[in-house]
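Novice: Sequence:
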Amino acid sequence: MATAVNMKVYANDDDALIIWNVPAAIPDCLGFAIKRRTYDPTDPTMETVAREEFLPNRIGFVGDPKAGPDSTASSKVWPFQRFWWTDHAAAAGDILSYQVMPMLGTVGHLKPATSQASEWSPIRVLSAPPNSRFNPFFNRGFVISQFMARYLAEKKLTPRQFKENIRSNDEDMIRKFLYGYLGPALFSELRDAASSGGEIFAALYELDDDQLIELLCVLGPRAHVVLSNGSIPHKKGHSMADERKQDQNAEARAKLLGANVDVGEADRFTSPGALAHNKFLVRTDANGDLVSCWTGSTNWTTTGLCTQLNNGLLIYDTTLAQEFLDQWHRLREAGSAFPTSLVDSNSQPAPFDAPAAAQGFAPFPTPPPPSSGDLWFTRTRGTVDLDALNEVVEAATTGILFLMFQPGAGGVLPTVEKAAENPNLYVRGVVSELPADDRQPRKHEEGHQVDVTVVRDAQNQQLKLDIVEPEGNDHPLSHWAVAEMTHGLFNSQIGHAIVHSKTLVIDPFGDHPVVVTGSHNFSTNASTKNDENFLIIRDDPTLAEAYAVHIMAAYDHYRFRAAQGDNKGLSRSDDWMAPKLATSLDELRVWGVRQ
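Each residue of the sequence shown is one higher than the one before, counting from 1 in our numbering.
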């Protein structure tokens, strides 16, 4: 009896996640090939196939002489021995469909089992639905990667030289690749304001990217910027009051002032002690009417755009834009202080309702239900913002996906870990810089991170919590790998973070998904000390899908690197499938391909 492949595709503006299932292990199957159809965008019926091709795989079979550091083969030659894959070659605007088929036989003599192949997936257009209130954008900040290792070797660049090059050259192709569709979305907000006679109001933690500085300067007095003094380290024996007079953004501030941008000479000089950590923008038209607002994790720096994993959220909602604009005025009025009026205002969330999009986003053929949520600013009184975040996590019924940067031991991460003790809850995420007291239990004897699950040595218990801390391959992972930047080298020559996105997706494919995103690190400091913002957005399945794909792409990228040395290549027999399927059952159920 034929064993049919059941498959689904999930996507955002830049990636397509293909996930599939089979009822049981398939005899003589050495993996799965994935075929992609790209449709002609000029055909309004979306029926004309422009090209059809197999996705490539970089991992060859054990003992294959053709496998090597720069080798790639079609997945019909080197099939995928797994049950999901992210197509990073997909691009915004592409019209795509996929098929997954088992490859049967022996190495070098594989044939597709077409009778057992999946149906072609429904056609997907990689873009947000028309008239969407919430439009997420993601960069490609996977600098710890095989791709970037090869690029740096080819160009004979150190990581520090690479960072300087992409800061000053806005036409550099690698810069454009790394900032993905996030960069152009942010640049367009500034250009549109300039060309339409509009204005922008921005509250920024850092500013050093030449292109962003130039775009602000073009706006001149129509750009209103609250610019912090960055992150000033406190030195023992020095006066913090004196240290707060220092300015890490001095160079950018001078350029803005020289272009008559409305920026103070000492706006939000709160560091050391607190960070004015916002990165939000509000845009108005020539009449002063609100047009849009922008938030997310992306600092206005070359690092933020290109060498950290970040997200941005462009919002077309005048209610939310007004809330951000009101906060901008409160920050400007506060100067470098945290007056009672500001903290009191922050301690009450701003609830919002957002109407459904005018058109659904496949696989949602009808508009999703109207979304609603809360906008929070910090610092707050009594960590009420953390209480709200913890309530969201504790309400999860099917799954929690997340990316975190420096969440600390007293923030939301412990709540996620506690929730993961529920055997019926699916939890996946990446944390950059784990709390110090949690680092050692997550490492095996050679000092590299364990694979997908976290082993809690103190309890000798394996939780269903997969948290991966980013780490590069400083030695060959397998026969095809080349050396990558390690975590330490990245920090010393490019900067901290690596994963800088701060986002949660709760019950991503349930009846009531929740997305959390903004500048907030999900930490105690973010709640009690800093200027921050985050949105809790409920019942927007399109947005949940986009962020879920973003998170899982990062998770898979770093999970592979956390398994240092375990993967020697593809198995030459069919014995890989049964254990892989057994350990994937819960994952496949959550993603809707298995009952």
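Worth double-checking, as some hints may not be accurate.
[As the list claims (entries may be wrong)] Once the Cα atoms are required to be at most 30 Å apart in a straight line, the calculated DSSO-like pairs of lysine-lysine come out as:
id, residue 1, residue 2
1, Lys529, Lys8
2, Lys8, Lys111
3, Lys155, Lys176
4, Lys66, Lys418
5, Lys568, Lys156
6, Lys8, Lys35
7, Lys155, Lys245
8, Lys111, Lys76
9, Lys580, Lys529
10, Lys155, Lys66
11, Lys529, Lys235
12, Lys76, Lys529
13, Lys176, Lys156
14, Lys255, Lys245
15, Lys236, Lys529
16, Lys418, Lys580
17, Lys155, Lys568
18, Lys235, Lys245
19, Lys568, Lys580
20, Lys66, Lys568
21, Lys156, Lys66
22, Lys418, Lys35
23, Lys8, Lys580
24, Lys235, Lys255
[Stated by the list, open to error] Simulated restraints, written as ranges between beta carbons of each label pair:
id, residue 1, residue 2, range
25, Leu585, Asp387, 13 to 23 Å
26, Gly410, Thr114, 50 to 60 Å
27, Lys418, Ser341, 46 to 56 Å
28, Leu585, Pro41, 37 to 47 Å
Please keep in mind that the hints were generated in silico from the structure rather than gathered at the bench. Glycine is no exception: its CB is placed at the ideal position from the N, C-alpha and C atoms.
Novice: So the hint says 46 to 56 Å: do the beta-carbon atoms of Lys418 and Ser341 match that?
Specialist: Check failed, 36 Å falls outside 46 to 56 Å.
Novice: Lys111 and Lys76 were given as a pair; does the straight-line alpha-carbon distance stay at or below 30 Å?
Specialist: holds (8 Å)
Novice: Does the alpha-carbon distance linking Lys8 and Lys580 stay inside the 30 Å limit?
Specialist: holds (19 Å)
Novice: Is the straight-line distance between the alpha-carbon of Lys155 and that of Lys176 30 Å or less?
Specialist: It holds: about 17 Å lies between the C-alpha atoms, which stays within 30 Å.
Novice: Hinted pair, alpha-carbon criterion (30 Å max): Lys568, Lys580. Please report holds or violated.
Specialist: Given pair Lys568, Lys580 holds - Cα atoms ~16 Å apart, limit 30 Å.
Novice: Between the alpha carbons of Lys76 and Lys529, is the straight-line distance 30 Å or under?
Specialist: Violated - the C-alpha atoms of Lys529 and Lys76 are around 54 Å apart, more than 30 Å.
Novice: Quickly compare the C-alpha distance for Lys155 and Lys66 to 30 Å and report which way the hint goes.
Specialist: holds (25 Å)
Novice: Given the range 37 to 47 Å, decide if the beta-carbon distance of Leu585 to Pro41 lies inside it.
Specialist: Given about 38 Å between the Cβ atoms, the range holds.
Novice: Keeping to a limit of 30 Å between CA atoms, is the pair of Lys580 and Lys529 held or broken?
Specialist: violated (45 Å)
Novice: Take the C-alpha atoms of Lys568 and Lys156, compute the straight-line distance between them, and say whether it is at most 30 Å.
Specialist: This hinted pair holds, its Cα atoms lying about 29 Å apart.
Novice: Lys236 and Lys529 were given as a pair; does the straight-line alpha-carbon distance stay at or below 30 Å?
Specialist: holds (20 Å)
Novice: If you draw a straight line from the CA of Lys8 to the CA of Lys35, is it 30 Å or shorter?
Specialist: holds (13 Å)
Violated hints, in rising order: 1, 4, 7, 9, 12, 22, 25 and 27; the structure is consistent with all others.
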